[in-house]
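Asker: Residue strings, one per chain:
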Amino acid sequence: MGPDVAAPAPNQQPAMRGPGIAFILKKSFISAFVALILFSLMIGIRTLPSESGQLTYITRFPQLAAMVAIVFGGSIIVELLRQWWGPVDTLRIVPPQVQTGLGIARRLLAPMLLIFTFLVPVIFYDQRYILDLAILVLTYVMLGWGLNVVVGLAGLLDLGYVAFYAVGAYSYALLATTFGLGFWECLPLAGLLAACWGVMLGFPVLRLRGDYLAIVTLAFGEIIRLVIINWQSLTGGPNGISGIPRPTFFGIPLTPGENGLAAKLGIDFSPTHRIVFLFYVILALALLTNWVTIRLRRLPIGRAWEALREDEVACRALGINTTTTKLTAFATGAMFGGFAGAFFATRQGFISPESFTFQESALVLAIVVLGGMGSQLGVALSALAMIGGFELFRGFDQYRMLVFGIAMVLLMIWRPRGLIGHRAPSVFLEQSRAISSDLVKEGHG
Amino acid sequence: MDYFAQQLINGLVLGSIYGLIAIGYTMVYGIVGMINFAHGDIFMIGGFIALITFLILISMGLTAVPVILLVVLLVSMAITAVYGWAVERIAYRPLRHSFRLAPMLSAIGMSFVLSNFSQVTQGAQVKPIPPLITGGHSLYEKGDFVVRLSNVQIVVVITTVVLLAIFTWLVSRTRLGRDMRACEQDQTMAALLGVDVDRTISMTFVIGAALAAVAGIMYLLYYGLVDFYMGFVAGIKAFTAAVLGGIGSLPGAMLGGLAIGLIETFWSAYFSVEYKDVAAFSILIVVLIFMPTGLLGRPEVEKV
Chain A
1 MGPDVAAPAP
11 NQQPAMRGPG
21 IAFILKKSFI
31 SAFVALILFS
41 LMIGIRTLPS
51 ESGQLTYITR
61 FPQLAAMVAI
71 VFGGSIIVEL
81 LRQWWGPVDT
91 LRIVPPQVQT
101 GLGIARRLLA
111 PMLLIFTFLV
121 PVIFYDQRYI
131 LDLAILVLTY
141 VMLGWGLNVV
151 VGLAGLLDLG
161 YVAFYAVGAY
171 SYALLATTFG
181 LGFWECLPLA
191 GLLAACWGVM
201 LGFPVLRLRG
211 DYLAIVTLAF
221 GEIIRLVIIN
231 WQSLTGGPNG
241 ISGIPRPTFF
251 GIPLTPGENG
261 LAAKLGIDFS
271 PTHRIVFLFY
281 VILALALLTN
291 WVTIRLRRLP
301 IGRAWEALRE
311 DEVACRALGI
321 NTTTTKLTAF
331 ATGAMFGGFA
341 GAFFATRQGF
351 ISPESFTFQE
361 SALVLAIVVL
371 GGMGSQLGVA
381 LSALAMIGGF
391 ELFRGFDQYR
401 MLVFGIAMVL
411 LMIWRPRGLI
421 GHRAPSVFLE
431 QSRAISSDLV
441 KEGHG
Chain B
1 MDYFAQQLIN
11 GLVLGSIYGL
21 IAIGYTMVYG
31 IVGMINFAHG
41 DIFMIGGFIA
51 LITFLILISM
61 GLTAVPVILL
71 VVLLVSMAIT
81 AVYGWAVERI
91 AYRPLRHSFR
101 LAPMLSAIGM
111 SFVLSNFSQV
121 TQGAQVKPIP
131 PLITGGHSLY
141 EKGDFVVRLS
151 NVQIVVVITT
161 VVLLAIFTWL
171 VSRTRLGRDM
181 RACEQDQTMA
191 ALLGVDVDRT
201 ISMTFVIGAA
211 LAAVAGIMYL
221 LYYGLVDFYM
231 GFVAGIKAFT
241 AAVLGGIGSL
251 PGAMLGGLAI
261 GLIETFWSAY
271 FSVEYKDVAA
281 FSILIVVLIF
291 MPTGLLGRPE
301 VEKV
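Heads up: the protein sequence lines correspond to chains A and B, in order.
Each residue of the first sequence is one higher than the one before, counting from 1 in this note's numbering.
Each residue of the second sequence is one higher than the one before, counting from 1 in this note's numbering.
Just so you know, the hints here were simulated from the structure itself, not pulled from any lab data.
For clarity, every value in this text was computed on a predicted model and none was experimentally measured.
Positions of the beta carbon are idealized from the N, C-alpha and C atoms, including for glycine.
Warning: the hint list may mix true and false statements.
Covered stretches of chain A (in silico footprint by chain B; criterion: 3 or more residues with CB under 8 Å from a CB of chain B, positions within the stretch not fixed) [claimed, not checked]:
(1) 55-61
(2) 72-84
(3) 136-146
(4) 211-217
(5) 278-288
(6) 409-418
Required output: the full structure, derived from the provided sequences and hints.
Answerer: Here it is, written out as C-alpha cells:
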C-alpha cells in the first residue's frame, strides 16, 4: 500500500478512461521499438555451426519484422482491452442470481468430476492415449495435493518438491530391483523414506522464511538430482534404472499366461487391463491424499498449519510449536510425493534423473498456486488444465516450456491469487463482536 | 604450492564472474525485496548477444581485438540492459504490491521464458567460438609445472575491477545512486521527498542486467562457449554468493562471488569435479542456516 502514495495515479486515470487513440498508438510504438531492440540479434540472427565446425550465422529479418509487428498489434489489442475492462484488479459486480447459480454449480462440480473420473476407463476403454493422459493428470493432481499441504496449508514455499518425488521413485526402483520386493510392500517404504527426507530438509530450514526458504529447497532439490546423477554405482547415473517391476494386483501379476489375473478371472488377456489398473491405483492414491489432507485440516495440526501460514509470529505467540508444525508439514507433503514417485517408477518401468529436474518442481508449484493455494478442487482443475495444456504442445516440444513460462507470468499478473478457489482458514470468527467493557479494561475488544 | 597458486588464479577469475552476477541479485533484493529469479538467464542472454555480435564483427573482417572487445561490450551491455528493463516492466512491476509469492513465481516464469526463448531462437546446441584473446604469461616455473596467467584472465579481472570502480562511483556519488539508497531504506519516504521510485527501480534492473551482460561476455571469453541452460546454475551460484556476502551489501556480493569461485575451484581441484555444484549448493544451505546475514550484511529485524 505504502509507496502508492507517490504513484502518479491522478495522471493515469484520465488517460485510461479517455479513448485517446494517439496514446494507444504511442504506447504500441514504444513497445514495438523495445521489441525491435530485444529481438534484433536474438531473432534477427541465427547462429549455426558450419561444415568446418566454426560458428556462422544467417539472417532472419522477415521473422524479426513479423515478431515486431505481432508485438505492435498485440499491444494495441491489450491497450484496447484494458480501456474496456479497466485496471487489472477490477472487481466486476456479478448479479446475485448468477452468483447463486455459480454457487450451486460449484458445489456440484466436485462430485460430478469425481464420478466422471471413476468412469473414465469405462468410457475411454479403447483409447489408450486418453487413458495414459488421464494417469498423467492424476499423478500431477496427487503431486499438487501433496505440495498443497506444504505450500497451500502451511505456507512454506517449497521449490524442491521434486526431490521427494525422486526419492520415492528411486526407493521403489532400488528396493524392487535389489531385494525383489513388490509394489505394495515398497509403497509405504517409499513414502516413509521420502517423509524422512522431508524431515531432514525441514530441520535445517526451520529458521528460514519466505524467499530464503524457497532458495534452500531449490538447492536441496538440485543436490538430490546431482547426487543421483553422480552416484553411479547405486543409481546408475544418467542412464537411470530400467526393468522396474510392474505393479501386481496384490500379488497377482497382470500378465498373459497361467498365473495372470486375466487367466484367474477367466477373461481374455488384454494389455489395457494394466493401464486401467494403474489408473485406479493412482486415483486411489490421489483420493487418499485428498482425504488425509481434508481430515488433517480439521485436526489441531491442520489448524496450526493454517495459523502458521497466516502469521508465523502470532502463531508462535499463541503457543503453537512452530518446529513440529513445520516438520510435520514437510514430512506429510514429502510422504505423498514419495507415494507418487513410487507410482511413477512402476508405471514407467524406467527412471532417470532427467525426470526430476527443477522444471517439474516449478510445474507442480504452478499447479498449486494457480489452483488457489489451499483449495483442493482448484488444484485438481489446474492440474487438468496445465497437463492438458501441455499435451496441446505435443510435437512442438521446444515451445512448450516457453509457453508455460509466458502463461505463468501472465496468470500471475492477471490472477495472482490463483485461477480457481482461494485460501481461507478452515476456522474463523463468524462475526466480529463488541465485547462488554466489563471484560476489557480499554473498552472495545 | 604451485598447484595451489594456479587454482587460486583460476578461482579468482571465476569468482569475478560470479561477483558481477551477484551484484544484480543483491541490488534488486536490497531495493525491491525479491529474488530476481530471471537474473541468471539475463546473464545467459548477455552471453548470447555477445556471441552474435562477435560473429557479425568477425564476418565484417574486423581483426583488432580491442575494438572487437569494446564493441561487443557496449552492444551486449546495451541490449541486455533493455532485457532487464523489459523483464521488470512486464513481470515485476504489476506485482509490486501483490502477495508475497506472486513476484517470485512470475520471476520463475520469466526465467523459463528467457532460457527457452534463446533455445527456440538459437538452438539447443552449445555454441563455441574460437579464442579471441590468446597467449599468457608464465609466472613461475618449477620442473614441468608452470603457473600460468593467461591474457584472458587478466582481461577478466581488469574489466571487473574497472566496472566495479565505475559502479561504486555510481552508487555513492551520483543522484541515481542516492535515489537507489533512499529507495532501499524507505520507498514511501523516498517518494514523498521527490524520488521517482518506479524509475529508480527500473534503473536498478538496467544496471544489474548490464553487469550480468559483462559477466556473460567474460564467461564467453574465458570458456569460449555459451548455451541456453547456463543461466540456471550460474544464477543459483551467484545468488549463493550474494547471500554469502550478505544480501543487500554491494561489496559483500563481490566478496561472496570471489569466495564461491575459490571454493568451487578448490573443490574441483582437490576433491571431485562431479560434486562441485553440490558443494556450492551445500554452502548456500549452510550459510543460510548458520549465518543468515552473510559476511557483510545487516541483521534483518522483523517488525510485527
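Asker: Which numbered hints are broken by the structure, listed smallest first?
Answerer: Per hint list: 2, 3 and 5 violated.
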